[in-house]
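Engineer: This is what each chain is made of:
There are 2 protein chains.
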Amino acid sequence: MQTGDVLIVGEDICEQVVGRSDAFDAVEAVFGAMARGDAYNFPVIREAIGHADALYGFKSGFDRAGQVLGLKSGGYWPGNMEKGLTNHQSTVCLFDPDTGRLSALVGGNYLTAVRTAASSSVSIAHLARRDAKVLGMVGAGHQSAFQLRAAAEQRAFDKVVAWNPHPEMLPRLAAVAEELELAFEAVSPEELGTQADVIITITSAFEPLVMADWIKPGTHVACMGTDTKGKQEVDPALLAQASVFTDEVAQSVSIGEAQHAVARGLISQDDITPIGAVINGDHAGRTNPDQITLFDGTGVGLQDLAVASVAARLAQEQGLGGHAAL
Amino acid sequence: MQTGDVLIVGEDICEQVVGRSDAFDAVEAVFGAMARGDAYNFPVIREAIGHADALYGFKSGFDRAGQVLGLKSGGYWPGNMEKGLTNHQSTVCLFDPDTGRLSALVGGNYLTAVRTAASSSVSIAHLARRDAKVLGMVGAGHQSAFQLRAAAEQRAFDKVVAWNPHPEMLPRLAAVAEELELAFEAVSPEELGTQADVIITITSAFEPLVMADWIKPGTHVACMGTDTKGKQEVDPALLAQASVFTDEVAQSVSIGEAQHAVARGLISQDDITPIGAVINGDHAGRTNPDQITLFDGTGVGLQDLAVASVAARLAQEQGLGGHAAL
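Protein sequence lines, in the order shown, are assigned to chains F and Z.
Position 115 of the first sequence, counted from 1, bears residue number 119 in my numbering, the numbering being contiguous throughout.
Position 260 of the second sequence, counted from 1, bears residue number 264 in my numbering, the numbering being contiguous throughout.
Hints may contain errors.
No copy is singled out in the list; a pair is fine if it fits within one copy or between any two copies.
What the hints assert, rightly or not - Calculated pairs, EDC-like style, for lysine to aspartate or glutamate (alpha carbon to alpha carbon, straight line, at most 16 Å):
1. K87 / D100
2. K87 / D102
3. K163 / E185
The set of hints was computed from the structure by calculation and includes no laboratory data.
Next up, chain F with everything else stripped away, as it sits in the complex (with noise of 0.2 Å):
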């Protein structure tokens, strides 16, 4: 049988050359050919594996625009913080598509942060209004970090507002705002729709937590941390108010944002636009600035092939990485 050669990209490579402008370009860039129909999505497998109360599983996909091929597989291990790991572990592997053989080998938690930022900050750069000065931040655990420090980097941002249903991690926040020299305010969820120009929730809730009575006119909202059947973090009826965009339809409607306002019946399927569109320039995305846009960032695989081939790439033009024999 031939050996191959597989390219190794592990976790601090990907944190060396992949840097938040490359997501947000890899991200913008696959988004836009899912919309065209030059990339699309497999099915996901997700497993209640049954050990370690842990979910297991892949999402998958191929970008026939970008020549890319593979998976990222993984899942939640609860118990991993006590052994000093991540809970989420993710590897993705990247395939040549004219040959089926395996071409790299690429570490995928630092990557599933990035891309996961990059979407949220895609968003932002396609539909807030362009004078946003406050930015509100629902949850305040690890992820939450990359999304601030990505969005930041769309508007002119003068402060941050932040509530998380545990204050004590709050902290967390406002060293990440005081370093990118933003005022930031801890406040009530309340407060915080009273105060902001754009929202970006990364929580696990599986109960609303931001009201649509709170939003006020002009508020673009990325509701970024419901990826699953039964999470929820906003109310349904903020839904119904707003214009509703999403990465991929079918997972916004059966387990990301969108899953409970269509179950309700306030909005359906036909109501969301992929954000593809409007990268595409085929959708005018916000046309008022009094309208409420919501993106729902449900998370895919080609995002996560998306940056893990920029990551594979820079790192073979900077000699970096391993090389293994398969």
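Position chain Z against the provided structure of chain F, taking the given hints into account.
Structural biologist: Showing chain Z alone in chain F's frame:
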């Protein structure tokens, strides 16, 4: 982010360390675990990607008994042969079930061949008559040699009879038979049925090649080529006459050889026994020397994971394989 150590087991090392008896033991054990409910396969992903005429996907699962978690990824690239590569390309990823971290990356091409051969040989060991003397081979492609070598170890055969839609490929099997010191005869499929005590079908056929009337009492038939909707190797009437066994009932009735007999109402799902039940001693298997037994080998992800896990363990014990920091 933490960096983890991944064991790399290439194709050459797999060939070096995994013998037929290792594959037999691993496949037999996991079939047993499946029948006990200690191991299960996750849904199969299989996609025509719309590039290079390729079929891409993965099979995956978790063996709680053996603590083996992972996936085999890859597919079928029909243009590979011209490039000097195998058309079927497979790579196995094994994960630590306690943490979700990638523990080993294992080349899957050789292992796919040996696990498929192990599957039919496990069926022969448990279902064929002890006094079987003549082995019938239907199909003479690359995989057929693996099936023949593995089958020959299960009974004291003295002769191989073979038929292939393309007779010019039969010298491959004749050479293997000679090496194994078995007589060899190229025959018609009717004659094959008359002579053979054990038959292995290993083709890519979409129509029956072996008719029920040609099979004599007491024969064991292992149908190994049907793994997709529409494929077919034997007369559906043969399944109604035979005691039918399989690796996984759900695959047998949907994409395996039994799909046709079930669709015609000749047998039902309840007529099919997981071979693991025989392995575990929960089903008698063959109870009569005149009984025809038929094994529908559809190929499950857990087989791949089982042999890959053996490859990783043996490579580690023997200080072989590479290491990658991920």
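Engineer: Going through the numbered hints above, which ones does this structure break? Give me the numbers in ascending order.
Structural biologist: As far as the earlier hints go, not one is violated by this structure.
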